[in-house]
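Engineer: With the sequences and hints as input, model every part of the structure.
Protein chains: 2
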Amino acid sequence: MTAAAHSPATTGKTFDLGPAAELVSKEEGHRQPLAPEFVSLEDFSPLEVAYDFGRVRREDIEAGPRSIWRYKHLLPVPSTVEQHPNTEPGCTRLVRADNLAKALGVKQIWIKDDTGNPTHSFKDRVVAVALAAAREFGFKVLACPSTGNLANAVAAAAARAGWDSVVLVPKTLERAKILMSAVYDGSLLAVDGNYDDVNRLATELAGEHEDWAFVNVNVRPYYSEGSKTLAFEVAEQLGWRKPEQIVVPIASGSQLTKVYKGFNEFAQLDLIEDSPVRIFGAQASGCSPVSSAFKGGHDVVQPVRPDTIARSLAIGAPADGPYVLDIVRKTGGAIEDVTDEEVVEGIRLLARTEGIFAETAGGVTVATAKKLLEAGKLDPDAETVLLITGDGLKTLDAVQDGIGPKATVAPSTEAVDEALGLR
Amino acid sequence: MTAAAHSPATTGKTFDLGPAAELVSKEEGHRQPLAPEFVSLEDFSPLEVAYDFGRVRREDIEAGPRSIWRYKHLLPVPSTVEQHPNTEPGCTRLVRADNLAKALGVKQIWIKDDTGNPTHSFKDRVVAVALAAAREFGFKVLACPSTGNLANAVAAAAARAGWDSVVLVPKTLERAKILMSAVYDGSLLAVDGNYDDVNRLATELAGEHEDWAFVNVNVRPYYSEGSKTLAFEVAEQLGWRKPEQIVVPIASGSQLTKVYKGFNEFAQLDLIEDSPVRIFGAQASGCSPVSSAFKGGHDVVQPVRPDTIARSLAIGAPADGPYVLDIVRKTGGAIEDVTDEEVVEGIRLLARTEGIFAETAGGVTVATAKKLLEAGKLDPDAETVLLITGDGLKTLDAVQDGIGPKATVAPSTEAVDEALGLR
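Going down the list, the sequences are from chains V and G. Going by the UniProt record's numbering, 106 is the number at position 106 of the first sequence; the sequence numbering is gapless. Going by the UniProt record's numbering, 22 is the number at position 22 of the second sequence; the sequence numbering is gapless.
None of these hints come from the bench; they were simulated from the model. Just so it is clear, CB atoms sit at the ideal spot from N, CA and C, and this is done for glycine as well. There's no promise every hint is true.
Unchecked claim - Computed cross-link-like contacts, BS3-like style, restricted to lysine-lysine with a CA-CA straight-line distance of at most 30 Å:
no.	chain 1	residue 1	chain 2	residue 2
1	G	LYS102	V	LYS140
2	G	LYS295	G	LYS26
3	G	LYS406	V	LYS140
4	V	LYS107	G	LYS371
5	G	LYS26	V	LYS406
6	V	LYS171	G	LYS406
7	G	LYS295	G	LYS371
8	G	LYS140	G	LYS171
9	G	LYS140	V	LYS102
10	G	LYS171	V	LYS406
11	G	LYS102	G	LYS295
12	G	LYS107	V	LYS140
To be verified - Derived Cβ-Cβ restraints for the label pairs, each shown as a range:
no.	chain 1	residue 1	chain 2	residue 2	range
13	V	ALA50	G	GLU62	32 to 40 Å
14	V	ASP401	G	ASP274	53 to 61 Å
15	G	VAL300	V	SER412	44 to 52 Å
16	G	ARG58	V	GLY421	30 to 38 Å
17	G	THR408	V	PRO276	43 to 51 Å
18	V	ARG305	G	LYS140	48 to 56 Å
19	V	GLY421	G	ARG57	50 to 58 Å
20	G	ARG305	V	GLU204	51 to 59 Å
21	G	GLY54	V	ALA410	43 to 51 Å
22	V	LYS330	G	GLN268	58 to 66 Å
Said to hold, decoys possible - According to the in silico footprint, chain V covers these stretches of chain G (three or more CB under 8 Å from chain V):
no.	stretch
23	177-191
24	200-214
Structural biologist: This is the structure we're talking about:
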């Protein structure tokens, strides 16, 4: 059975995915028509979308909707994409984080706060693109294996679009992520295994159910393009330019590769200057296969069995690991990993300084930035963007031990003053 | 001790709060200079901000930032407000809810989805305005009594601004709201009492601590104006016009009165046509003093002891109750209340149809809209806006009994197919 064996009948059909022209294999550049396929049968490497952009101007983007669809001319979606019911993700805040910058001793930090998306993580971006492509390919069910944020995004997007969903999660997932997936009333299944088991299961199911679009499996080439919008927005929000440094959390590694691709496409279209941007990767030490490979000087990523509170990053066999290593090395970045204790400290530091409550993945990013600064790998004099990709409300267990009310008091001013040390 | 006795020295000082001109008492219209005061000493009614707007054009608003500050010329804030660190709330989605409309049998519903705000409730709007006014008045500490959402918003806004915060909550508050208040590292105190006890305590403390701005007590006239931005955004997002009907949840009642005021100000400034809008109120039956007064034909609201899962609406002595009754009656609206079971059904209905996960207050709004439709009070042929003011992740306990995975399965395709009834 091949990757394409059971996808909706595509032979001879052409699909309107806007500027997307064909699929190209990442290793040897073999080209093939647009279809719901994700692996090249020529060289067995992942397939990626190639485009025929034509001219795209800043004014066209600025006149577009306040969502990722303002960038539809750079995404594999039909030009009418925003007319179909979708969650309208994107255009989240880019916050100038002077308090955090001061605390870390650096010149300038910006927080890209993707907790403002509809289901409060960056996954709404990629799912919206996957749904648009899946609709064009004729799929009927939106599906995914997930560590949680993707489950929330798929279940919500399917509900909004009036589609059925099949969402597979490890049974050990955080309560908030389970409930926020279940509430949309699709088919949520808890799987007795870790994420890598669930992911393998999804690949098998994608081959057997011809009308199921597993967003991160059989429509992955389209889905993953959604992450480019993080780079697009950062560049537009900075006043049409790249930052000098950006720190990106690594799960499968897809996001980091697409952030890089997004900046490159903007430069290629002369929307921004092609200035250098150093790309840094962040992992939790309990699941740090890419960080280990980077530090060991390897090109290949050795799979690990995850054991970290940063469950949204707990992918032991990251599909895009080798590409991440390549990009980080060629841009002059670095990859580092942090302990669970440092993750919690990272969450608290960001909350305390900027009033932004990130999930564990955000804690990983902040703590890794701190560690890279201390090691002299991040330049404190360069403008730095941190990607905060998910919400603290989804990973409350991670912080609950260290925080809470200062005191429980009787309803009297004396009791309050005493609790605050004011009398 | 009067309301103004211990506020920062204001005698003879003038404050730059943009278009705000003076304070006026709601009952008899007594006027007094802008100051951190909230009750008229002439007639003991609440003070409200009066303006000298000058000319405000649609173009001025459209050219403004993508936050509530695009409406700064209609708020009691300095013209430089966006230059101070703040959470930049507002400009949340207005979602065309065709699936929900179909499920309820009505022509057109729009969801104003305020879960997209920085701390995921509408409270970020009012707190941002309160902080701006408090800064101008010379306060040093941002404080509040809260049922949860306000606690999150105050603690986050203070952290972002570099201010200390004192946040008082009932000790029985939901875990998510406690943790999300504590993480920003201000002074969070759990009070042994219900919200009305905590509120009384805050009023006493505001009189004793001259540099504490209790956002919803001593700077309440400014704070409450922030809710006007809900009406402003709805009108702008509809293409510069009012909806025909709007359903607003009632806690203190302030939000409903300010939504009404917001539409009126837009009409007064010729930004929109002064078409009729019928305003409806939503309460939980376990705390329905305003609904009871409405149904009983009373002008006075009899306080109750709250007992409902909709804790963010659990204010037994709602300060703006009489004004709510007046507005709802004169616009031709109605007020209804729903049981806790209906609240949960409302949350699930909205999630299932539109992919939006609301907190219990949102469930109250949706369920009340359904009940008002069934009773023939909401017109199914009129365009209706529902205000969804808070996030489902904050009230997980309310939904956890009814929802969860369809099944827990082994990591095999057979197990998945069997669980889904496909073999």
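Engineer: Does each hint fit the structure? Answer for all of them.
Structural biologist: Evaluated hints:
no., hint, result
1, G:LYS102 x V:LYS140, "holds, 21 Å"
2, G:LYS295 x G:LYS26, "holds, 24 Å"
3, G:LYS406 x V:LYS140, "holds, 20 Å"
4, V:LYS107 x G:LYS371, "violated, 56 Å"
5, G:LYS26 x V:LYS406, "violated, 38 Å"
6, V:LYS171 x G:LYS406, "holds, 12 Å"
7, G:LYS295 x G:LYS371, "holds, 14 Å"
8, G:LYS140 x G:LYS171, "holds, 26 Å"
9, G:LYS140 x V:LYS102, "holds, 21 Å"
10, G:LYS171 x V:LYS406, "holds, 12 Å"
11, G:LYS102 x G:LYS295, "holds, 28 Å"
12, G:LYS107 x V:LYS140, "holds, 27 Å"
13, V:ALA50 x G:GLU62: 32 to 40 Å, "holds, 37 Å"
14, V:ASP401 x G:ASP274: 53 to 61 Å, "holds, 55 Å"
15, G:VAL300 x V:SER412: 44 to 52 Å, "violated, 29 Å"
16, G:ARG58 x V:GLY421: 30 to 38 Å, "violated, 51 Å"
17, G:THR408 x V:PRO276: 43 to 51 Å, "holds, 49 Å"
18, V:ARG305 x G:LYS140: 48 to 56 Å, "holds, 51 Å"
19, V:GLY421 x G:ARG57: 50 to 58 Å, "holds, 51 Å"
20, G:ARG305 x V:GLU204: 51 to 59 Å, "holds, 56 Å"
21, G:GLY54 x V:ALA410: 43 to 51 Å, "holds, 49 Å"
22, V:LYS330 x G:GLN268: 58 to 66 Å, "holds, 59 Å"
23, 177-191, "holds (count 12)"
24, 200-214, "holds (count 5)"
Figure legend: structure checked against the earlier numbered hints; hints not met, in rising order: 4, 5, 15, 16.
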